[in-house]
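Chains A and B are the protein sequences, given in the same order.
Numbering follows numbering that gives the first Met the number 0, in which position 275 of the first sequence is assigned residue number 274; successive positions increment by one, without gaps.
Numbering follows numbering that gives the first Met the number 0, in which position 9 of the second sequence is assigned residue number 8; successive positions increment by one, without gaps.
Derived by calculation from the structure, the hints in this document are not laboratory data.
Misleading hints may appear alongside valid ones.
The list makes no distinction among identical chains, and a pair is therefore deemed to hold if it is satisfied within one copy or across any two copies.
Claimed, not checked - Only pairs whose alpha carbons sit at most 30 Å apart, straight line, appear in this in silico BS3-like list of lysine-lysine: (1) Lys256 x Lys56; (2) Lys19 x Lys56; (3) Lys192 x Lys56; (4) Lys19 x Lys175; (5) Lys362 x Lys256; (6) Lys191 x Lys158; (7) Lys175 x Lys192; (8) Lys192 x Lys19; (9) Lys229 x Lys158.
No experiment lies behind these values; they were computed from the predicted model shown.
Protein chains: 2
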Amino acid sequence: MQEVAIIGIGQVPVDEHWDKRLVELAGEAVFAALEDAELSRVDALYVGNMMAGQLDKQSHLGALVTDWIGMRGIEAMTVEAACGSGALALRIALIAVSSGIVTSALAVGVEKMTDTSPRETTAALATAASADWEGIHGVTFVGLNALIMRRYMHEYGWKHQDFAQFSINAHANGVKNPNARFRSPITKEIYKKAAMIADPINIMDASPIGDGAAAAVVVPADLVKGQKGKPLIKIAGSAVATDSLAVHDRQDPLWLKAAEKSSREAYSQAGVGPDEIDFFEVHDAFSIMSALSLEASGFAERGQGPRLALDGDITPDGRIPVTTMGGLKARGHPVGATGMYQIVESVSQLRGEAGPAQIDGVKVGMAQNIGGSGATIITHILKAD
Amino acid sequence: MQEVAIIGIGQVPVDEHWDKRLVELAGEAVFAALEDAELSRVDALYVGNMMAGQLDKQSHLGALVTDWIGMRGIEAMTVEAACGSGALALRIALIAVSSGIVTSALAVGVEKMTDTSPRETTAALATAASADWEGIHGVTFVGLNALIMRRYMHEYGWKHQDFAQFSINAHANGVKNPNARFRSPITKEIYKKAAMIADPINIMDASPIGDGAAAAVVVPADLVKGQKGKPLIKIAGSAVATDSLAVHDRQDPLWLKAAEKSSREAYSQAGVGPDEIDFFEVHDAFSIMSALSLEASGFAERGQGPRLALDGDITPDGRIPVTTMGGLKARGHPVGATGMYQIVESVSQLRGEAGPAQIDGVKVGMAQNIGGSGATIITHILKAD
């Protein structure tokens, strides 16, 4: 398999971009990534998106974005696995470049969620869950996560406040990221008193939706080896794993099997284990998901995810810094774009370009993008050469 | 690049499957393909689908189908380029197997379009066009194709009845295909008197929607070389090309640039030209699309597509048989599944398993899947070894 490198990254701030269309957001991220890569053209474009058909009345984003960025003609398509769509764009770009079928590829994640009513957006998000077993009952995504969190607290004896540090850390890191949707720190008191959404999940456990786009340019590593300038960032591990869509149908609803499988495969490809990971962009759509992801990916024992947060292990100077640029909680969660934000942020960290959010001396970073309540999980490990 | 073979195919008849869910249709096609391949498991599953999020309130089909077919855990995702989604599933399966990242992959196209009202289905289909330039004006897909057909007739001097043979041939071939939605022959008289939908397109120029699923199993060719039994079918050419989503924005709205580009690339990979193609599964969503596709793919001069049909060149014993199993017109057009039906039918022909629809002595077949009004076009060339 061909070694593959990320040589350009770009993003737009996550926000309510009411003045910009979806294709403009994608274009801005793509142009920034191309400029960063010092390339004017690529062979193929893979778009990660979940909801444009439903919310923007626009499917067929591959051709749309390709035309908008002035590359009419090249291969293009959309890839989708709900909130895991973003990282799939990188996955397919990696596979395409690895195969030798294309030499350069753009991966872009894009989503526009704030031009529609909350009712419409919530209904579109619910299509990530099982329509037959979950959606049909009217359960929302936060409702499903609330059921999981409640059971987790019951099973392992955690209190709600034990999850506070996930959100406090994310917001503290988001303050340092100019592309984050929320740049205000929060306190234990704010966390505790936040408005309840679906008990036990309050507004400070839940990531905000938003409009956004993030992109990366991918080429064979040997094409750019030895070039001076930016450090070379290689994709050292990449794996996708799946689980049942419906949460009730899992043997253990408190264990993310797909996170376990995809992280193990990525570790094996990269020749590292959890101890060698310098930072971890977790998919903290809800604070419970941070705990479950850390456990299944080998950073904490079963049921002990919150311990990491309580012990200060997840902060920038901790044992395993997470959500280093604010995560979904503070940077924001434009669902189909989120996986690519995680990649862009990981590359920034590994290049030493993360500004005030920079973590010193990082060489190996991991990003994990979760679709639905854990039904599709994509893990990438990136290494600075 | 690794040589790749299709070793199993499966399909369900295109119909109004009101008694079956989308995942059941996909499952039936997949189980048939696995049985045909004599495999019980693959490494990855790629689903081609356009509208499940909108019409079934179900995104995230990769994990859903994977779970349903008993392969919970493996890599899975959806790929989409409107009506071109089906062939993209094969394209990604090919790329993934070529890269060596997976050894075996399932490509399945699936769509369910008849459980919703015609208004809902038509609105969902319109998301394949440009929302900003076309959808916003309320133009439907048949409306866009009617504008193209009208201009084509004006520009090249054809009359409506000159397109009749495309539909007559498709229906004659569909009679011989047990999986076709319509199995009745039509006459010139029926074509002429058919109800108008969007002048000049009448109901006999337009393909019917439907529910359906078709699947193929893909592995490295050297894994199965020399095995006795079924002839080995190799993917000799595969290319995706794009054009502007909005038809008005093309220099020549009567020329499918993406068909030209993707067919030229596929010919070059396969080392053949149009003269060596034994049959061609064209994307006859509308009869005008057959003409445009034949021209841009090198089978007819510009503006002379209908001549082929009038001269009897497109029938099973003609120079370039098209829509050999009924095409979109008679087999039916479950949009995200259509590209995979074309592949399944091509493999049947190349294996000599097409029954009454069999064309004698075919060794090289081409299938072309079109997304939108030509904005994404995928061409595959298959060869019997």
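Going down the list of hints, with the structure as the test:
no.: 1; hint: Lys256 x Lys56; verdict: between (34 Å within a copy, 25 Å between copies)
no.: 2; hint: Lys19 x Lys56; verdict: both (15 Å within a copy, 27 Å between copies)
no.: 3; hint: Lys192 x Lys56; verdict: neither (38 Å within a copy, 35 Å between copies)
no.: 4; hint: Lys19 x Lys175; verdict: within (25 Å within a copy, 51 Å between copies)
no.: 5; hint: Lys362 x Lys256; verdict: within (27 Å within a copy, 45 Å between copies)
no.: 6; hint: Lys191 x Lys158; verdict: within (11 Å within a copy, 74 Å between copies)
no.: 7; hint: Lys175 x Lys192; verdict: within (24 Å within a copy, 69 Å between copies)
no.: 8; hint: Lys192 x Lys19; verdict: neither (35 Å within a copy, 48 Å between copies)
no.: 9; hint: Lys229 x Lys158; verdict: neither (45 Å within a copy, 62 Å between copies)
Taken one by one, the earlier hints fail for this structure at numbers 3, 8 and 9, listed in ascending order.
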